[in-house]
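Asker: For reference, the chains in residue letters:
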Amino acid sequence: MNSENVIAAINERCPGAIVSSTQPLPTRLFLTVNKANMPEVADYLFNSAKARLVVSAGTDKSPINGTYEVSYIFSLDQDQLMVAVKEIVDPADPRVPSLTNIIPGADWHEREMRDLMGIVPEGHPDPRRLVVSDDWPEDVYPLRKDFPYNYKPPRVTEIKPPMREPKENEKQATVLSIGPFFPTLEEGAYFRLYVEGEQIIGSDYRGFYAHRGIEKLTETVLDYNQVPFMAERICGICGFVHSATYCQAVESAAEIEIPPRAKYIRSIMLELERIHSHLLWLGLAVHYLGFDTVLMQTWRIREPLMWLTEQITGNRKTYGMNLVGGVRRDIDAETAGKILKTLEKIEAEAKDLIAAAAEDNSIKMRLENVGTLSKEDARKICVVGPTARASGVAIDTRKDHPYLAYPDLDFKIAVQQGCDIWARTLVRAEELFTSISLIRQMIDKMPAGGIMADYGPIPPWREGIGASEAPRGECAHYVITGPDNRPYRWRVRASTYPQLQSIPKMLDKMSIADFPIIVGSIDPCFSCTERVIAVDTRSKNIRTYTQQELLAMSHRNFGQGRRS
Amino acid sequence: MTNIAVGVFNILLVLLAAPLLDGFLRKVRARIHSRQGPPVLQSYYDLAKLMVKEDQRGANNFIFNAAPVACLGSVLLAALFVPMGGVVPLGFAGDILVLVYILTLAPIFMCLGGMASGSPYAYVGVSREIMLLMVVEPVLAVALISTAIKANSLVLVNCIDRYVSSPPDISLIIGAIAFFLILQPEISKVPFDLAEAEQEIMEGPLIEYSGRKLALLKWSMYSKQIVLIALFAGAFVPWPRTGFLLLNIVIALIKILIFAVLVEVIAQVFPRLKISQAIRYFAIVIAVALTGLVLAVMDL
Chain Y
1 MNSENVIAAI NERCPGAIVS STQPLPTRLF LTVNKANMPE VADYLFNSAK ARLVVSAGTD
61 KSPINGTYEV SYIFSLDQDQ LMVAVKEIVD PADPRVPSLT NIIPGADWHE REMRDLMGIV
121 PEGHPDPRRL VVSDDWPEDV YPLRKDFPYN YKPPRVTEIK PPMREPKENE KQATVLSIGP
181 FFPTLEEGAY FRLYVEGEQI IGSDYRGFYA HRGIEKLTET VLDYNQVPFM AERICGICGF
241 VHSATYCQAV ESAAEIEIPP RAKYIRSIML ELERIHSHLL WLGLAVHYLG FDTVLMQTWR
301 IREPLMWLTE QITGNRKTYG MNLVGGVRRD IDAETAGKIL KTLEKIEAEA KDLIAAAAED
361 NSIKMRLENV GTLSKEDARK ICVVGPTARA SGVAIDTRKD HPYLAYPDLD FKIAVQQGCD
421 IWARTLVRAE ELFTSISLIR QMIDKMPAGG IMADYGPIPP WREGIGASEA PRGECAHYVI
481 TGPDNRPYRW RVRASTYPQL QSIPKMLDKM SIADFPIIVG SIDPCFSCTE RVIAVDTRSK
541 NIRTYTQQEL LAMSHRNFGQ GRRS
Chain W
1 MTNIAVGVFN ILLVLLAAPL LDGFLRKVRA RIHSRQGPPV LQSYYDLAKL MVKEDQRGAN
61 NFIFNAAPVA CLGSVLLAAL FVPMGGVVPL GFAGDILVLV YILTLAPIFM CLGGMASGSP
121 YAYVGVSREI MLLMVVEPVL AVALISTAIK ANSLVLVNCI DRYVSSPPDI SLIIGAIAFF
181 LILQPEISKV PFDLAEAEQE IMEGPLIEYS GRKLALLKWS MYSKQIVLIA LFAGAFVPWP
241 RTGFLLLNIV IALIKILIFA VLVEVIAQVF PRLKISQAIR YFAIVIAVAL TGLVLAVMDL
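These protein sequence lines map, in sequence, to chains Y and W.
By the working numbering, the letter at position 150 of the first sequence is numbered 150, and the numbering carries on one by one without gaps.
By the working numbering, the letter at position 212 of the second sequence is numbered 212, and the numbering carries on one by one without gaps.
What the hints contain is simulated information worked out from the structure, not anything from laboratory work.
Dumping the calculated SDA-like pairs for lysine to any residue here, alpha-carbon to alpha-carbon at most 20 Å:
hint: 1; chain 1: Y; residue 1: Lys-171; chain 2: W; residue 2: Tyr-123
hint: 2; chain 1: W; residue 1: Lys-27; chain 2: Y; residue 2: Met-296
hint: 3; chain 1: Y; residue 1: Lys-364; chain 2: W; residue 2: Gln-277
hint: 4; chain 1: Y; residue 1: Lys-351; chain 2: W; residue 2: Val-269
hint: 5; chain 1: Y; residue 1: Lys-509; chain 2: W; residue 2: Gln-277
hint: 6; chain 1: Y; residue 1: Lys-345; chain 2: W; residue 2: His-33
hint: 7; chain 1: Y; residue 1: Lys-351; chain 2: W; residue 2: His-33
hint: 8; chain 1: Y; residue 1: Lys-171; chain 2: W; residue 2: Pro-120
hint: 9; chain 1: Y; residue 1: Lys-351; chain 2: Y; residue 2: Glu-303
hint: 10; chain 1: Y; residue 1: Lys-364; chain 2: W; residue 2: Arg-280
hint: 11; chain 1: Y; residue 1: Lys-364; chain 2: W; residue 2: Val-269
hint: 12; chain 1: Y; residue 1: Lys-509; chain 2: W; residue 2: Ser-276
hint: 13; chain 1: W; residue 1: Lys-27; chain 2: Y; residue 2: Thr-293
hint: 14; chain 1: Y; residue 1: Lys-364; chain 2: W; residue 2: Ile-279
hint: 15; chain 1: Y; residue 1: Lys-364; chain 2: W; residue 2: Ser-276
hint: 16; chain 1: W; residue 1: Lys-27; chain 2: Y; residue 2: Trp-299
hint: 17; chain 1: W; residue 1: Lys-27; chain 2: Y; residue 2: Arg-300
hint: 18; chain 1: Y; residue 1: Lys-364; chain 2: W; residue 2: Tyr-281
hint: 19; chain 1: Y; residue 1: Lys-509; chain 2: W; residue 2: Ser-127
hint: 20; chain 1: Y; residue 1: Lys-509; chain 2: W; residue 2: Pro-120
Far from chain Y, by Cβ distances over 12 Å, these chain W residues were calculated:
hint: 21; residue: Thr-2
hint: 22; residue: Phe-9
hint: 23; residue: Gln-42
hint: 24; residue: Leu-90
What the simulated footprint calls covered on chain W by chain Y, stretch by stretch (three residues with Cβ under 8 Å from a Cβ of chain Y suffice, anywhere in the stretch; the number is not a length):
hint: 25; segment: 30 to 39
hint: 26; segment: 110 to 123
hint: 27; segment: 195 to 201
hint: 28; segment: 273 to 286
Treat the numbers as computed from the prediction; the structure is a model and nothing was measured.
The beta carbon of each residue, even a glycine, is placed where N, CA and C say it ideally should be.
Using the sequences plus the hints, can you model the full thing?
Answerer: Given below as structure tokens:
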């Protein structure tokens, strides 16, 4: 189905719904529809055209034309087409019809829009607070343009997390609070489990404790080429994919064609990141089962990769390689040789380890038929990445919306039908080796030439959608270019965002013992890198260590530095 | 007089060597993980640290406060019934039965303390511990009683003597295997450390304990490790036995070390099981142990 078909079908179903349409790229279709027709259009796209909701974003354009805009971006995965459907909202009456009843996966998007933009999704089944903190005032909306980025709301004394009331069958159950600080989950996240004996009969989630206002900061103080570095800090594990996706979105909005060599380098880094992330996940997953031997061995296997990326980029993680228009560092022949050598070692060791783990019946026993997510639910909640692929939904952004070097490469996407954690493990194990093969192909085919495109000022009011396959699934960024050399609106949808919404389905009827591995099985992306603060209890002095001091301490404690 | 000396020796050995054994096992574990591992004395440092740390008073009632002391006390009491090199300080007719009861006391006290803390994590841990006890303790009792039937005596030392003096019978070998299989849950090692399961319920019954009380509980867990392995080594693998007490003690210590390493290695090559899976597994072990008992009755 191409874009003409989509427009024709919408016109046929609800004539007059489409106000305007543009198609800046063959793979991107932007529609503006009447607010009243939005549910019908969404229903057509989601249920008839079998599109998947990628991201939605509310934009405050009131300083420009006195309106708010709400965009829902759908992906037609079979047709390499992304359709952005926009509705115009009057700031005096900021209400839109909710789509959550049609698309369950729209739940969080709409709650986020309400929290940050004050756009009320009418008919939303569960309009609780999602993003802003518990003590945030009711009528202050941070992403509105009249909200200054450094505004601090007054403190309140009474804080109550917005948890739902227990359902009828949960009233007699024991409440087990997991979080906000639970040792197994490295990041602040609060799960409230209703349990009967060992069995979980209901669950509720409150997250966003680490909401840092990155989007707001970008729209107010950063410029186009500072954002990649901010974007990379969204996640401590797959940060590169965020900066790459942001750059992709801006480049597609501004129609900048980046040099082929830069495309390859970005793709190589993306795949290296996937290898490190999957190995990290495998280790964590078995750690949740109390199997620390495999944890330690996987991380030992992963370590040379961290040294490798440090040699390529200067950093173990948070590579800082991307700029709009290209990359900052080249990969020369010597480095390429090192990459191949490291991969060879990792491949051999990972093969042995995974073979040993796969033969181990006790691991399989803990993972099979645990945390199941049916294919139907996976599609409804619009989950992505290994979580979707393990439930038989064959989507992979690298194939569905080919970007960077991927159109030139030969690979198969890993799909499993098991729907359980074992299937997710198999998918990730297979992807690990796919990534190694992809990097080999890329180093083999690497084109010569520059690594940075020449481009002039980026024109304002263009829209761009970037999507790439992060280790955890599709990562999507939506950018509206602005007049001040910075994005007017930048919406980030990390891959964990849809996955987390599927957790209640996975937890249902499982035992408490399965909880850590179920939450772990979606590979939740924890991100928080703060400086260490030490408090002297006698003098009550707070001392913040500088980076130099921390480095000195770490060198002292681990006498033999690894750099020989 | 000798009995008092041996008793003091047993208690001191258990109290003082238990953290050393744990520290050594941590080193072994680290080696399996390809890690450097903490110093061998780390478990002493941990206990010392906990001893001087502030007690957060997770709960304040008699049972919660008394449980750690009672727990350690019952482990030490059990140590008086266990042969370390052939001699049992508190041996008397029927001591096997007493030992079976005393060995159950330590986990029961820990469970009581956990229940008294009121934490839901502790409740989950306690319910798992009790379920495990119900399938593990019968094996322990059946294995010990098999030897008693063979020796026709309820005195542990007599049973061991009978064991040493004649070639091993099939029933005793089965009993030994069954006993070895329950070492893992008895001393809270993966795959059967469900009651503490750090990643799931954050050490369950221990969750509200801190400072000195936590140190006592940790210490009693280390001690229980050495007592049970000593019991296994002494009662089911009593060879080689020499005529000299000192040499016997050295041999006993070496055996304890070997079996402890074996248990640790097993703990490092399995993931933790769920309670339902663990119970299914121990149902089989119970069946095996009962077969041993039947064979013992048939004098095989």
